[in-house]
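Residue numbers (this note's numbering), protein chains in the order written: chain A, 6 to 543; chain B, 569 to 1293; chain C, 38 to 149; chain D, 1470 to 2017.
Hint data in this document are derived by calculation from the structure and do not stem from the laboratory. Only a predicted model underlies this, so the values are computations on that prediction, with no experimental measurement involved. A portion of the hints provided could be inaccurate.
To be verified - With a straight-line cut-off of 25 Å between C-alpha atoms, the simulated SDA-like cross-links for lysine to any residue are:
hint	chain 1	residue 1	chain 2	residue 2
1	A	LYS376	B	ARG1254
2	A	LYS376	B	ALA774
3	D	LYS1797	A	GLY161
4	B	LYS676	A	GLU511
5	B	LYS647	B	VAL1128
6	D	LYS1797	B	ARG1254
7	B	LYS676	A	LYS376
To be verified - Covered by chain D, per the in silico footprint, the following chain B stretches (three or more residues, Cβ under 8 Å):
hint	segment
8	1251-1263
9	1270-1280
Beta carbons are placed, not taken as given, at the ideal position from N, Cα and C, and that holds for glycine.
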Amino acid sequence: MIQYLLLLLPIISALVIALSSQRAAKWIALIGSTAAFIAATLFAVQFPHWTTGNFWPDLNTTPILGNFGVDLKIGVDSVSMLLVLLTVFLTPLAIAGSFSAITTRVREYYAWFMILQASMLLAFMSRDLIFFYVGYEFTLIPMFFLISIWGGPMRGPAAIKFFIFTFLGSVFTLTAVIFVAVRHFDSTGTWTFAIADLVKFSSTQLSAREQFWVFVGLMTGFAIKTPFFPTHAWLPLAHDQAPTGGSVILAGILLKLGTYGVFRFALPMAPIGAIECTTFFAILGIIAILYMGLVCWVQTDIKKLIAYSSVSHMGFVVLGLFALNPIGLQGAVMYMVNHGLSTGALFLCIGMIYERYHTKDMEQLGGLVSKMPVWSFFMIIFTLSSVGLPGLNGFVGEFLCLMGAFVAEHDQPAGYPGVLGPWYAVVAAIGLILGAMYLLIMLRKIVWGTLREPHGDGHTEHAASELPTDLNFREIAILAPIAVACLVIGLYPKPLLNAVEPCVKEVLVNYPAAIDAFNAKRGLVNPSAPVKQAETAK
Amino acid sequence: MIPMLSITDTHADSPAHAVVTAIVNAIPSPELGWTGLILLFPAISVVLTGLCCALRVKSKLPGWITVLALAGSFALVLKLYFLRGDAGAPVVVHLWDWMNFSWGNQDKWHSLQADVSVYVDSLTLFWLLFVTGLGTLIAIYATEYMEADVGKGYARFFNGVSIFILAMCTLVMADNLILMYLGWEGVGLASYLLIGYYYKKPAAAAAGQKAFIVNRIGDLGLAVGIWLIWVNYGTIEFNTLFQVWNDADRGVGGFDKALIPYCLMLGAFGKSAQLPLYVWLPDAMEGPTPVSALIHAATMVTAGVYLIARTYPLFTLHPDALATVAWVGGLTAIFSATIGMAQYDFKRVFAYSTISQLGYMFMGLGVGTTFGAAYHTLTHAFFKALLFLTAGAIMHGFAGQLDLRKLSGLRKVPGFKIVSWTMLIGCLWLSAFPYSAGMLSKDVILVQALSGKDHGFVWLGWIGLITAAMTAYYAFRVWFRVCAGPVFYMPGEESHDDHDAHHDDHGAHADPTSTTSHEFHPHAPRWAMNGVLLIIMLGAFATGIPGYMEMRGESNWAQVMMAHSSAFAGSVQAHVTDAVNFGMNPHQLVEVFGTAASLGGIAIAMYFHLLQRKSADKLRAWLLAHNSIRWIPVAMENKWYVDEFYHACVRGPAWIAGHILHFTDKHVVDGLMVNGIGRIPAALGRLFQPLYNGVLQGYATTMAGGAALVVAWVVYRWLTSGVGA
Amino acid sequence: MTHLLAVSQYGASHAVTITLAMSALLFTIGLVGFLVRRNMILMFLCTEIMFQAAALAFIAFGRMRMDTGGQIFVIFILTIAAAEAALALGLVILLFRRKETLSSEAWSELHE
Amino acid sequence: MSSFIPMGPKIAVLTPEIIVFGGSVLVSIIGLSRSKTLRNSVPLLAALTLLASLVAIAFGYSNEAAEQAGVLMPHFNKIIKTIILVIGIGLVAISVGHIDRRMEDAVARGATTFDPMRVVRGEFYAFMLLSICGAMLIPGSPDLIWLFLALELTSLPTYIMVAMSRGTRRAQEAAVKYFFLGAMSTAIFLYGFALIYGSTGSLQLSTIREVFADQVGRGGIDTLGTTGLILCILGFCYKLAAAPMHFYAPDVYEGAANPVTGFLSFIPKIAGFAALAVLLNTVGWSGHAGISETGTVIGGLPAPILATLWMISALTMTLGNIGALLQKSVKRMLAYSSISHSGYMVLAIIAGPGLGFEALLFYLISYGVTNLAIFGALSGLQKRGEDVESFEELSGIGRRYPGLAAWLAIGSGSLMGMPPLLGFWAKLMLFMAGVQAGHTPLVIIAALNSAVSVWYYLRLIGVPTLSPPGTSSEGVLKGPSSWPRFAGAVAAFVVILLPLFASRILGNSAEFAPVRPASSAKPVPTTTQETPREENAQLALHCSPTRL
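Using the sequences and the hints, build the whole thing.
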């Protein structure tokens, strides 16, 4: 039962907040989310099985639609656990980051925040596809309110667009899931939505055509959520308009739901379909990297810049995922975690600036290092992490994603042949340059140079009175843990890599043979392929 | 094959256990395990200076912390050197696991092993010696140079320096390519932070950014090189890599393999400011001068040379790879020399001369003498550091004045004696004055080039000789202008003392040009700066020793160190042949023409810049007056418009593309596609809206009609499919 | 019509066929009338015609099948028709009181 | 042909309906009472009647007895009746305080005296109960006459309810439209009945089923029967508010008073679906419909029927959703939404017994409860004694009445299929049923449609909670009675909490016997391969382990 505690904590906090006073709300939220963090950390330490890729040992189930195999099964393996830890780590920080920014409808804000956390945790911890979907989808509701109540001037359209587009995608995902479950029922006679069963069934029993459509269906939802290149239109607006805390969660965790879905469901469930689409999605990833890199370059709004950069960064994840080899997948998982940390922190930094100057326009801000050295320090650290500077966390994922794509050739002797190849990685790696370019330009404009502040302090009277020129203790206490995490992961990612490894192997279990067969069809024979796989291709 | 000493780790299971293991491994082992401490000292310095920064320490404490840490590293390096000697076996010390994971087993291609491990062979030691040694000296120099910033940017500066030394040591001590990449980018970061040290100057901020971005282009090459190496050899650890290369895979390979040297080359060219990617280095002079001396002259920019020397065996994978290196080096040398001849900012002159000298080093690598390249790196590190530090002392004394037309006769200005004379040594060494260390190292390269048989290396040798003459000219152009001649000086536009004040915000200060030399009192360097200058000068003399030994055909430590490292392993080290030009063998040729070039260059400089200063202007005017040749000075003074070229051809189109794509994103992807799709349902709804007109008969008709349509459809399906009733 | 005639495998007489045709015709008349007339009373009568067309069909089929069910059904149809008539007339009177017109077009306030 | 069934057991099975009928009589009399207390107890009485009927079902209904009494789908019958009664109680609750509102006000103020000729409360609840009674009779219909009468019993009172729900011209216009178009649709399915009778020669549904099975065995249902079935389906579409017979719905829903709209969007719909199930039971879902996407032969409705329903389903959900996008009136929007939900549910009908019917029932429960939450909230508000109808009037009422805004939001979330609310599980079941029946394309259309629907449901969530209060929402106050709001609250909680007990509910409905095997138990004739059909039979067994 202990695993439910993690889910219940935020829900209970939300209820308590809803019944509490406006003043106490934020503290209750902070305590609740910190408790969730402590609980998750304790679980992580107490049940270290996740590091070896196993789930929590006592996989209890609570049947909901029992006769249709929909059971509330909670458990984590290492990838889930990493994302759970990311969630519980970022949420208290995002809550603390909202203390001074949220002045209206305070209770509602924090209550929604806690509900958001619960639903994200559900999505990451569920071992049942339907409950994954429940968590995945329900995040929309709190996020919708967070954006449309406490967002910027364009909050209405932003929230609606965000909601409708992600909903539109996820109905396809749901249909694909149902399709697999029904086919499972057709051939075995039992209903189940357990991830392990469906993955096993789908990857081995479905025909190539079915797998293709299942994959397309699943990806439609995940691609919009992630977002992949042409489906990213909701993202800049939503990120830009969301309140700081919302942006942090949106960029830090919600986007990971999409890539987590790809990793956990789309790839393992439909290997043949995935292989057929690999080139397509990899190219989308590359387009995202380059296209968004260029778009970022011409942004004048910091928050929009970071928002667009998220799309670009997610391109790396996509590339890593579709490398379909351990290096790429490891990289993708690392990138998910690291992007959550660094982009989340960047949004927090921007929020702190916005609270002081009420502008996010880079043309109006400049040279802040001379006024806010502490803030600038953090900003530089997180930007560099985002740039992918080795030694900070961003590098690990980025390098591995690209390397994964690079080595994903048909004759790769590593036992994991791939469909992509060096050219994909080389073209995508131009994104490294673009990333450095737009992020450093941002730094140059707002951190370095001569001090520029928005004209007329008329806007700043509410906030300026409360907040000191540079960061206060609370704000430092928010950013410092993330900075430490960035550095630690950057210098010692080994435990994470070790933990993720079994998961990655599990995802890839059906791939080498299928890829060899696929490549053989294209006339690319893998000399080191085992002989037996001619028939497994069918 | 290569004996190694490896302290292997136990593979960690739990995070906590892993941390403990890492710490245990970092503790010096009875043998050479303490090698890792070379990295630890700068790391401690980074932390401590960072703390000083946070606590706003208002003393020179951070400076001395750095100096101590660097000196500690240097002492360890020396100890290591004396313990191991010139030709010791590589030392591998595992510190902790980094990006290390495997699938299947730990074999090649089945794992990616990039740990934080130290790999020290003689090549590493060679670099470490001057990196830590010069680092320490320059740090001492900087404690005085930066004293105006105490309490402001002082700690930040030394933090940057510590980061740099840490990253540079990581770079040269890395046991694998990815860790090397960490160091590679780390020095880039330090460079970025230090170039932008005077962050209020937009030019400084822009220069730092430019350095980072241009370097990133090179880094891209390095990254691709790393991936290619992994694809082809299944490992990125130097030890294993060289073993594989030695055992089985020697020589030219397929396309994949042939690309490796070119990718690595790109990285090296970026970091070492070679031809297509050199543009960042001149701008990098915006940084404080000790930084220019340490990073942008002596150490960091030689990382490219180090990279090629380190992976030298791989450069045999394509027959033209080394030739490309040589030619790029040679062309860079002469190209940047032409620009150096026409610059008025003497720090920039030195910057171009750095690029040019780096070109020599690459030429050396390319024509097959890694010893020459490494030796030139060493000599260059000393004399160029010396030049920059003297330049720094002058800037320090004259409020940032860098224009060689506005300073003259400094050797007679009180307090600037040591500066002037050490600068003279630097200039002599730079202009390859006969039997100076600069000449000795350059000669090794040129002799090798002139004795080359293919790839037109002979021509390269001649280019080298011509460049030598140009080098001598611009080096002494600076010295004769600044240190010789009548005493005259104008202070610079900004005294870097008060860069934190808002001096350029309101124009409250008087026009700087109106500040005459009468009101201005030069600020003479004190013991730290002068002492460091003298020590480095001595060092510059000392660097000649291996050259003399080499000249006399004796084996010397530099030669031995190169020969026992990967820079030699199985390489194509050619021997000097007896090719004859003008009746002379290459040795004689270089001796004669080199001397002539050096002395000729100095003589011309003396004429134009000491004896007849007016005639320089006249020559310029004459050149400008003739349309057919006026492009020469214009182009040289404008650096051949390379920046503009990049701006127009690379940055511009990309920037326009960015705008176009942004527009597309907003109006086509979002506006047309997404919103368009979003509008479809409502538009369809509007299409059907007239049917709900509120009239009873209308509804009845529509219903009946709709029913009829459904029936019609069913009948149609029925007729066409034939299935069913 | 050919399809209708095809059912005569059960031995339907010509009379049945004609009755069925009559029923179809009646239904069509009712439907068309319902669609084209604006007077609410007439419209209601048209629905009654459609009802009776169905009733006629029931009788015809009952005859064809020699089954009494059809005729029983007709009684219920008549009952329901009567109930509907009562309802319709009540409604029409209510509306007439309101607007002094029987035209259905007068009642098109609710629309898009 | 028709087996003789003694009267006694039949009446015993009909006890619930008889109770409701008796209640309607009682209510109509008490409504005329001069005693205010008695008058006010009318809704309570109606609700108690329904409760009594519910008790009668819970304790007095057995599947065996019903089967003895000639009910073709006994368990389905029971569940449908239960749903109707439970939701019916809610519908009674949300209509409290609406009828005769002005009259009662005037009496209370002393402006007028009570005049039994001018009050309609008694009749209103009587009609409500009658209509519910009619709907309850449908799923157990043994023959066409019964079905016809039950359908008419369901619809005729609703015409009057619309007219009397409020005295406005709009209500009368709605009534006239509803009535005339309803009469037309009745004529259409009546003619369909006639054709079915002509094709099979019987009014007994069991006999019809046998004859149809026989016809299928000889190559397919004949033209007459097919035409009759299609006409019936089209006629029933009117009750479902399904395309192409849905055009009346927006106007009528808008014109009627809020509680009546709530009634109209549920009772006729469930009646229509029950009728459709009863009718289609005669042709069965085990015929052959064609080749599924996955290449296996799937059983299903006869091809023309399937084609009709497929088209109706796709059209209905699409037209409903795109229509709803443009509305300014909440009620019109809800009308279109109701249309689109009919479209989804037709999908369940297509999927057939087993999973399909379970999905249908679950969806009906979900839709009914959710509807109660929304209409409860709407009926709980008033503006100068009138119904609240437009989005503008709801703008920002969440500030003053957070509860009502929450019920609206929860209801909307459930209707759009937002997990973990009830509507999501219903839709999940529905999609599962659709996919299992091999209609993945239709499921995809449905999925797309539910994505489209998000737009307008979001408005219903957003306008009360997020928009600033406007001029037209200022006068909006709580209604005179708190029962509608209470019913809405209960329904909203059910929407949230019921999923936790979904297992139990579905566990029950899984037992219902959808189709009784034809007495002669003929093997289903095959025109294609044998083996897949065998699998298919296996499949059916899996669907309903206990019921065959």
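These are the hints, each one checked on the structure:
no. : hint                  : result
1   : A:LYS376 / B:ARG1254  : 56 Å, violated
2   : A:LYS376 / B:ALA774   : 20 Å, holds
3   : D:LYS1797 / A:GLY161  : 18 Å, holds
4   : B:LYS676 / A:GLU511   : 21 Å, holds
5   : B:LYS647 / B:VAL1128  : 18 Å, holds
6   : D:LYS1797 / B:ARG1254 : 13 Å, holds
7   : B:LYS676 / A:LYS376   : 52 Å, violated
8   : 1251-1263             : holds (count 8)
9   : 1270-1280             : holds (count 9)
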